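Just need the whole structure built from these sequences, with the hints factored in.
Spelled out from the first residue to the last, the chains are:
2 protein chains.
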Amino acid sequence: MSQQPFQTVAVVGAGLVGLGWAIVFARAGLEVRIFDSQLDTRRDALQRIRNSLTDMKHHGLVDDVEVITNRIRISGSLDDAVGAADYIQESVLERTDVKTTVCEQISKAMRSDAICGSSTSGIPASQFTADLSKRDRFLVVHPVNPPHLIPLVELVAAPWTDQAIIPVVREEMKRIGQSPIVINAEVDGFVLNRLQGALLNEAWALFEDGVASLADIDAAVSHGLGRRWSFMGPFETIDLNAPGGIADYARRLAPLYHSIAASRVAKPWPNDVISRAEGERREVLSRENLVDRSAWRDQRLMALTAALSEIDHGSPSDRDNP
Amino acid sequence: MSQQPFQTVAVVGAGLVGLGWAIVFARAGLEVRIFDSQLDTRRDALQRIRNSLTDMKHHGLVDDVEVITNRIRISGSLDDAVGAADYIQESVLERTDVKTTVCEQISKAMRSDAICGSSTSGIPASQFTADLSKRDRFLVVHPVNPPHLIPLVELVAAPWTDQAIIPVVREEMKRIGQSPIVINAEVDGFVLNRLQGALLNEAWALFEDGVASLADIDAAVSHGLGRRWSFMGPFETIDLNAPGGIADYARRLAPLYHSIAASRVAKPWPNDVISRAEGERREVLSRENLVDRSAWRDQRLMALTAALSEIDHGSPSDRDNP
Chain A
1 MSQQPFQTVA VVGAGLVGLG WAIVFARAGL EVRIFDSQLD TRRDALQRIR NSLTDMKHHG
61 LVDDVEVITN RIRISGSLDD AVGAADYIQE SVLERTDVKT TVCEQISKAM RSDAICGSST
121 SGIPASQFTA DLSKRDRFLV VHPVNPPHLI PLVELVAAPW TDQAIIPVVR EEMKRIGQSP
181 IVINAEVDGF VLNRLQGALL NEAWALFEDG VASLADIDAA VSHGLGRRWS FMGPFETIDL
241 NAPGGIADYA RRLAPLYHSI AASRVAKPWP NDVISRAEGE RREVLSRENL VDRSAWRDQR
301 LMALTAALSE IDHGSPSDRD NP
Chain B
1 MSQQPFQTVA VVGAGLVGLG WAIVFARAGL EVRIFDSQLD TRRDALQRIR NSLTDMKHHG
61 LVDDVEVITN RIRISGSLDD AVGAADYIQE SVLERTDVKT TVCEQISKAM RSDAICGSST
121 SGIPASQFTA DLSKRDRFLV VHPVNPPHLI PLVELVAAPW TDQAIIPVVR EEMKRIGQSP
181 IVINAEVDGF VLNRLQGALL NEAWALFEDG VASLADIDAA VSHGLGRRWS FMGPFETIDL
241 NAPGGIADYA RRLAPLYHSI AASRVAKPWP NDVISRAEGE RREVLSRENL VDRSAWRDQR
301 LMALTAALSE IDHGSPSDRD NP
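Keeping their order, the protein sequence lines are chains A and B. Going left to right, the first sequence walks through residues 1 to 322 as the numbering used here numbers them. Going left to right, the second sequence walks through residues 1 to 322 as the numbering used here numbers them.
Note that these hints are calculated values from the structure, not bench results. You may find that some hints are simply not true.
What the hints assert, rightly or not - Ranges between beta-carbon positions, derived for each pair:
#1 Lys267(B) - Arg276(A): 30 to 38 Å
#2 Ser112(B) - Val284(A): 32 to 40 Å
#3 Ser77(A) - Ala295(B): 52 to 60 Å
Unchecked claim - Examples of chain A residues toward chain B, derived with CB under 8 Å:
#4 Ile166
#5 Val168
#6 Val182
#7 Ala220
#8 Ser222
#9 Ala250
#10 Ala266
Values in this document were obtained by computation on a predicted structure and should not be read as measured data. All C-beta atoms in this analysis are idealised placements derived from N, C-alpha and C, irrespective of residue type, glycine included.
Following this line, the structure appears as structure tokens:
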């Protein structure tokens with residue numbers, strides 16, 4: 001019954017995103033079944049989850065690694081994983097043909113009252129669910145990577161998605177500790193990547209024009225804008241940045257921002273500029289160290305999550321006691 | 001001697017920005033003189049600084065409120081504040097005519113080897129320093145509000161600024177705990193507000209088109225993008241978001257971001273959309289509560305600063321022991 005709280009969920013695809021989802025669900029007390037078509041990916045999944053949970057415990061984000069891991073089972077077939085699930089999170093390769101094939105299998109195996117969310121970051125559900133017999137039960141439920149450390153999820157319906165399931169998924173995502181937002185149209189990049197893209201396009205153009213170095217543009221965000229944006233969105237930020245609130249701010253500054261935007265012509269990121277950017281990045285971080293630095297990023301996100309949670313709620317580990 | 005570390009600094013203009021600067025300087029151990037042309041603003045300045053420092057002490061960001069406050073003196077005249085200073089931070093009203101008049105007075109009163117930085121967020125130094133006798137000693141040193149809680153500062157020279165003072169100011173800003181970046185051209189909005197503007201323009205357009213609610217667009221940043229951007233810039237973020245680093249990411253995703261940008265026509269923020277946005281904001285935060293919420297923002301920034309500092313360095317209160 002999809003109007004009941006989700007109790008049993010399936011994760012199809014056990015890459016980074018799928019395993020992050022498994023942690024999100026199990027941390028919230030749900031029973032999780034994971035399927036991946038690759039045998040070695042399936043075999044390693046539980047150990048990789050245990051490693052992530054151990055890191056999280058170190059930051060006070062979960063209490064008991066084994067209790068949470070014990071809620072997760074690896075299934076030997078897609079049918080076994082999906083058959084009993086109230087909710088299915090599809091997290092396979094980001095290719096329309098692959099999503100189409102896997103969602104066909106999910107549609108056949110799932111209960112008629114179950115819901116399937118796709119983790120796709122950029123392919124609208126209408127491009128791979130049109131021919132499914134249960135297509136009204138499918139939508140995009142796009143997380144930010146890694147889902148167990150960044151709570152935002154974007155909900156995007158296809159034209160044929162049953163509108164009644166949107167509020168259900170929204171409530172359930174909230175209940176399990178995520179921050180769902182509803183996107184009302186299948187626009188390219190949804191909302192999160194459109195916002196990221198707008199900032200990235202300006203950042204690339206400033207770098208191309210030599211206005212500042214790559215490292216200094218990065219610092220403008222990490223030591224400036226990002227400090228506010230880690231707990232307030234752009235609208236709340238400007239609402240608090242003028243004595244009379246957002247309309248007052250807009251009256252004062254819209255002309256400046258419009259002239260900035262009007263003077264910037266959208267253009268592809270040129271190859272020579274990409275090469276120059278890569279050169280600057282590889283000077284501060286060698287290619288071999290990318291993996292270590294990604295681990296550092298996740299440690300930093302865990303510490304930040306713990307800190308933000310403590311600011312808001314007192315103890316950061318409340319979350320795994322739903 | 002400007003090549004020596006700054007020891008005595010002047011702050012001209014004792015509004016929010018000026019007082020924030022006074023805290024930054026005094027926290028780092030410098031002697032600070034403040035001048036403001038308004039008598040009651042001068043009179044209240046020390047108490048307002050003491051209040052901010054007391055908040056900061058509560059978050060473990062400073063050790064001793066009185067030791068820091070005792071480094072700050074209120075001057076009865078601009079000449080008295082500026083005359084002995086190694087460095088002057090101009091923080092008066094954001095109007096070209098006001099900046100021109102005040103900088104003329106500063107230029108006359110300052111030592112010939114002193115440096116004057118302007119806090120302007122949007123007026124290039126060339127628009128108000130052209131006729132000063134010491135114009136080669138002036139540049140923009142733009143902080144983010146409030147400067148004692150957000151470390152970024154943008155350094156922007158006028159065409160006639162002595163290039164030798166840029167590295168001096170950069171080093172001194174670092175030494176006192178700020179994060180300086182160098183902007184190589186007097187572009188509208190410098191770097192920080194161009195990046196903010198790019199994201200804001202997209203956010204307004206998404207809201208205008210009904211793609212998502214104001215609150216959901218805010219959440220996409222505060223519960224998504226901003227979590228990473230509070231400690232990594234946009235380039236480092238994408239460098240870690242593809243197996244082969246930034247060039248790999250650019251090859252995969254530049255076409256998507258370019259098509260997003262190309263489909264977005266720059267346009268002014270329409271008045272009816274601003275009114276609608278104000279309506280949504282005033283529903284969640286009444287006009288009377290704007291001031292309280294701004295205080296909440298500053299508390300949150302203090303807690304975040306303490307947390308980030310602890311993650312990086314151990315104790316957050318090391319900073320006031322330079």
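Hint check, failures only: 4, 5
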